[in-house]
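First to last, the protein sequences are chains A and B.
First residue of the first sequence: 10, per the numbering used here; consecutive thereafter.
First residue of the second sequence: 10, per the numbering used here; consecutive thereafter.
FYI, nobody ran anything at the bench for these hints, they're computed from the structure.
Treat the hints with caution; some may be incorrect.
Some chain A residues judged to face chain B by a derived CB distance under 10 Å, without partners named [said to hold, decoys possible]:
no. : residue
1   : E116
2   : E178
3   : P180
4   : R247
5   : V255
6   : V258
7   : R259
8   : A260
9   : L265
In this text, a Cβ means the ideal position worked out from N, Cα and C, and glycines have one as well.
Number of protein chains: 2
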Amino acid sequence: MPDTQDLDPRKAAILEAVVSEYIGTAQPVGSHHVARAAGINVSSATIRSEMVALEREGYLVQPHTSAGRVPTDKGYRFFVDQLAEPGVLGPAQRHKVSRFFEQVHGEMEELLERTSGLLSELTSYASVVLPPSHEAAAVRSVQLVGLGPRVVLLVAVLADGAVEKQAIELPEELPDDVLAAASARLQAAAQAHPLGSVQITEPSGDTQVDRVVALAQSALGDLACEAHDRIFVGGPSRLAGAFDAVETVRAVLATLEQQLVVVSLLRDVLERGLSVAIGAEHGYEPLSACAVVVAPVSVDGRSGGAVGLLGPTRMNYPQALAAARVVGEQLGDRLRTTFDAGPSARSARETRPRRRARGRR
Amino acid sequence: MPDTQDLDPRKAAILEAVVSEYIGTAQPVGSHHVARAAGINVSSATIRSEMVALEREGYLVQPHTSAGRVPTDKGYRFFVDQLAEPGVLGPAQRHKVSRFFEQVHGEMEELLERTSGLLSELTSYASVVLPPSHEAAAVRSVQLVGLGPRVVLLVAVLADGAVEKQAIELPEELPDDVLAAASARLQAAAQAHPLGSVQITEPSGDTQVDRVVALAQSALGDLACEAHDRIFVGGPSRLAGAFDAVETVRAVLATLEQQLVVVSLLRDVLERGLSVAIGAEHGYEPLSACAVVVAPVSVDGRSGGAVGLLGPTRMNYPQALAAARVVGEQLGDRLRTTFDAGPSARSARETRPRRRARGRR
DNA sequence: CTCTGGCACTCGATTGTACCGACTGCCAAG
DNA sequence: CTTGGCAGTCGGTACAATCGAGTGCCAGAG
Chain A
10 MPDTQDLDPR KAAILEAVVS EYIGTAQPVG SHHVARAAGI NVSSATIRSE
60 MVALEREGYL VQPHTSAGRV PTDKGYRFFV DQLAEPGVLG PAQRHKVSRF
110 FEQVHGEMEE LLERTSGLLS ELTSYASVVL PPSHEAAAVR SVQLVGLGPR
160 VVLLVAVLAD GAVEKQAIEL PEELPDDVLA AASARLQAAA QAHPLGSVQI
210 TEPSGDTQVD RVVALAQSAL GDLACEAHDR IFVGGPSRLA GAFDAVETVR
260 AVLATLEQQL VVVSLLRDVL ERGLSVAIGA EHGYEPLSAC AVVVAPVSVD
310 GRSGGAVGLL GPTRMNYPQA LAAARVVGEQ LGDRLRTTFD AGPSARSARE
360 TRPRRRARGR R
Chain B
10 MPDTQDLDPR KAAILEAVVS EYIGTAQPVG SHHVARAAGI NVSSATIRSE
60 MVALEREGYL VQPHTSAGRV PTDKGYRFFV DQLAEPGVLG PAQRHKVSRF
110 FEQVHGEMEE LLERTSGLLS ELTSYASVVL PPSHEAAAVR SVQLVGLGPR
160 VVLLVAVLAD GAVEKQAIEL PEELPDDVLA AASARLQAAA QAHPLGSVQI
210 TEPSGDTQVD RVVALAQSAL GDLACEAHDR IFVGGPSRLA GAFDAVETVR
260 AVLATLEQQL VVVSLLRDVL ERGLSVAIGA EHGYEPLSAC AVVVAPVSVD
310 GRSGGAVGLL GPTRMNYPQA LAAARVVGEQ LGDRLRTTFD AGPSARSARE
360 TRPRRRARGR R
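Could you build all of it, start to finish, from the sequences and the hints given here?
So, in C-alpha cells, the structure goes:
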C-alpha cells in the first residue's frame with residue numbers, strides 16, 4: 010500500500026471538508042461548498058482540480074458526472090486515521106454517562122443490556138455490548154438442581170457476576186441424595202477455579218454420583234466455550250433511520266440477529282488492532298454499507314469484552330469513538346469494582362492459567 | 010355495533026376475495042379480479058355495485074377514485090372471524106415444528122429464544138415469545154453468592170426451569186459465614202413455595218443474618234413481579250420487508266424494543282379473549298399498521314405465557330394463527346414435560362395459592 | 001326487481017420534453 | 001500555480017400528453 014498517509018496538506022484539508030460535510034448532509038458535496046468551508050482559502054476551481062486528483066487516488070467518487078463528490082471507504086479511512094480530532098463528548102452526554110453509571114444497579118445481564126441502550130442513545134446508532142469471556146472467570150458456586158424426572162439444571166455463578174446454566178438430561182432417574190452428593194463434589198472441585206479448567210481428580214465410591222459429575226463437568230466445559238458468548242444489541246431501530254434503502258436495513262438487521270457472526274466480527278476487528286472498520290474492511294459482506302466502531306472493555310487488564318457501534322459509513326466517527334471508549338472504560342471499571350474484587354478473588358487470581366490465547370486464525 | 014355478522018353471502022364472498030387477493034398481491038383489487046376469483050359467478054358490474062355497499066359499510070376503502078379496493082381493519086376483522094378457514098400448516102412446516110421440538114435441548118432461555126426463531130421462520134413475520142410468569146412457580150433452590158466486598162448475588166432456581174438473579178448491595182461488609190447462614194435460612198423457607206409468596210416467619214438470633222435475609226426476601230418479591238417478565242423477539246428483520254415506508258419500520262422496531270409495552274400488549278389481547286388484533290384494535294398507536302396474532306402457552310392448565318406474531322395488517326391470518334397455535338401448544342407441552350413434573354413438584358402444587366389474578370383493568 | 005354489458009369519466013402511473021441549476025473540466029490570463 | 005470565466009453534462013422538477021385500470025351509471029334483458 011504505497012500512497013497512504015502522503016497527501017499534501019491542501020488535499021488533506023479538502024478531503025476533510027468533503028467528509029465532514031457529507032457526514033452532516035448526506036449530499037454529494039461540490040467544489041463551492043468546500044471553498045466556503047473554514048480553513049480553505051483557495052478558489053473552487055483549484056479545489057476542482059484537486060478533487061480530480063483525489064478521485065484518481067481513490068479517496069472520492071462522483072455518483073455521476075456533474076454531481077458533487079462522496080467519500081469512498083478509503084476516504085473515510087484517511088479521515089479517521091489522519092484527520093479527525095480525538096473527539097470529545099458534549100457536556101450533556103458526559104453527564105448522561107456519569108449519571109447512568111452512578112444510578113445503574115442490579116445484576117450483570119441487566120447492566121449490560123442497559124449499557125447497550127445507553128450507548129445507542131448517546132450516538133443514535135445501533136450498539137453492541139460483548140461481555141468479557143467467562144473462560145477465565147473463577148467459579149464462585151456450582152449447583153445441581155433437579156427439575157424434571159430426568160432433568161437437572163447445572164447452575165454456575167462466576168466471580169465476574171455471570172450466572173451460567175445448562176440443562177443436563179440424565180440417562181436414568183436418580184434419587185435426590187445422589188444429586189446432592191454430586192453437587193457437593195462439584196462445588197468443592199470447581200470453587201475458585203476458572204470456569205475453563207475445572208478438573209475432578211479422583212472418583213468417589215459411588216458410580217452413580219461419578220456419572221453425574223462427569224456429565225456436569227462436560228457441561229461446564231460447554232459453558233466456557235466461545236459459542237456461549239452472548240451479545241446485547243441496543244437500539245437496532247435506529248438503523249432504520251440510517252439507510253434509505255429498506256433492503257439494506259433488512260440485511261443489516263438480519264446480520265445483527267446472528268449472534269455468532271457479530272461476536273466474531275467484533276473480535277476480528279479488535280484483534281487487528283483497529284477501533285474502526287469501514288465498509289468492506291471487515292470481511293462481512295452484508296455489512297459493507299456499514300461502519301463499525303469498537304472499544305475494548307477490559308477488566309483488570311485482561312480484556313476480551315468490547316462495546317461496538319454500528320452505523321452507516323458516513324457516521325460521526327469522532328463522536329462515536331469517544332462514546333464507545335468512554336462507555337467501554339466505565340463499563341470495565343464497573344464490572345471490576347462491583348463483581349470482581351470479592352474476598353476470595355485473590356486465590357482465584359493466583360490459579361488463573363496462562364493468558365488466554367484465543368485461537369482465531 | 011349493529012351491522013356485524015350480517016352480510017349476505019354474496020357480499021361476504023366478495024369481501025373474502027378482496028382480502029385474499031390483497032393479502033397476496035398488496036395491490037388494490039378491482040372488480041374484474043374479483044369476478045375472476047373462484048366461487049364468484051356474477052359480472053364485474055354487479056360486483057362494483059356490491060363493492061360500493063361494502064365501502065359504505067366500512068369494510069373496504071378506495072385509496073383514490075379509479076383504483077381498486079383495499080380492506081379496512083373492519084374488513085380484515087370480518088375475514089378472520091367469519092370467513093377464514095381454520096388454516097393448517099403445510100406438511101413441510103409441520104415437519105419443521107416436530108423436528109424442532111424433538112431436537113431442541115438445553116436450558117429454558119435458550120429454548121425460548123430458539124422457539125421465537127422457529128415461529129418467525131415458519132411465518133416470515135416477527136415473533137414474540139412471552140414465557141409464563143414466574144409468580145406462581147415453586148422455588149427449587151435459593152442461594153446467596155458473595156461477589157464483591159459488599160455485593161451478593163441472589164440466585165433462585167424455579168420449578169419451571171427459570172433461573173432468576175438479583176444483585177443485592179449490602180450496607181456493610183459481612184463475613185462469609187453470615188452469608189452462608191442467611192443462604193441456608195432462605196433455602197429452607199423458600200423451598201417449594203411459590204416465588205410470589207415466600208415468607209420468613211421467625212427471626213434467627215443473629216441480627217446481621219436477619220438483615221441479609223430481609224433484603225433477600227424483598228429481592229425475591231421483586232423477581233416475582235411483572236416488571237421482571239422478559240420477552241424473546243425473533244426475526245425482527247423480517248419487519249423490514251413487510252412495510253414499504255421506512256418510517257413505519259423504524260416505529261415498529263422501536264416499539265418492539267420496549268419489552269414492557271410488548272408484554273402488556275400481548276396480555277391485553279389475550280385477556281380480551283382475542284387471538285388476533287388488527288390495526289388500531291389494540292390501543293398501541295405506533296403499531297396501528299400492524300396486526301398481532303397471539304396464542305396462549307399453557308403449562309398444566311394455568312396459562313400466562315403466550316407466543317405472538319407481528320406483521321402487516323395484510324398478513325396471512327390463517328397460516329399465522331395455525332403456526333402460533335401449534336407452536337404455543339408444543340412449547341407448553343415441552344415446558345411441562347421437561348421442567349415442571351419433577352419429584353418435588355407435588356408438594357409445590359399443593360401449596361400453590363389461589364389462581365393467579367392479574368390486576369389488569 | 002335483479003343482473004348485465006356498455007359507456008363516459010376519473011385519476012394514478014408512465015412517458016416525453018423542456019428547463020433549471022449544480023456541478024465539472026478546461027483554458028487563458030494574472 | 002492560481003484564478004475567473006465558460007461551455008458542457010446530467011439529475012431533478014415541472015408540465016403536458018397518453019395509457020389503462022377501474023369506477024359509476026344506465027338502459028335493456030331475464
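Now the hints, each set against the structure:
no.: 1; hint: E116; in the structure: holds, 4 Å
no.: 2; hint: E178; in the structure: holds, 7 Å
no.: 3; hint: P180; in the structure: violated, 14 Å
no.: 4; hint: R247; in the structure: holds, 8 Å
no.: 5; hint: V255; in the structure: holds, 5 Å
no.: 6; hint: V258; in the structure: holds, 5 Å
no.: 7; hint: R259; in the structure: holds, 4 Å
no.: 8; hint: A260; in the structure: holds, 8 Å
no.: 9; hint: L265; in the structure: holds, 8 Å
Checked against the numbered hints given earlier, this structure breaks only hint 3.
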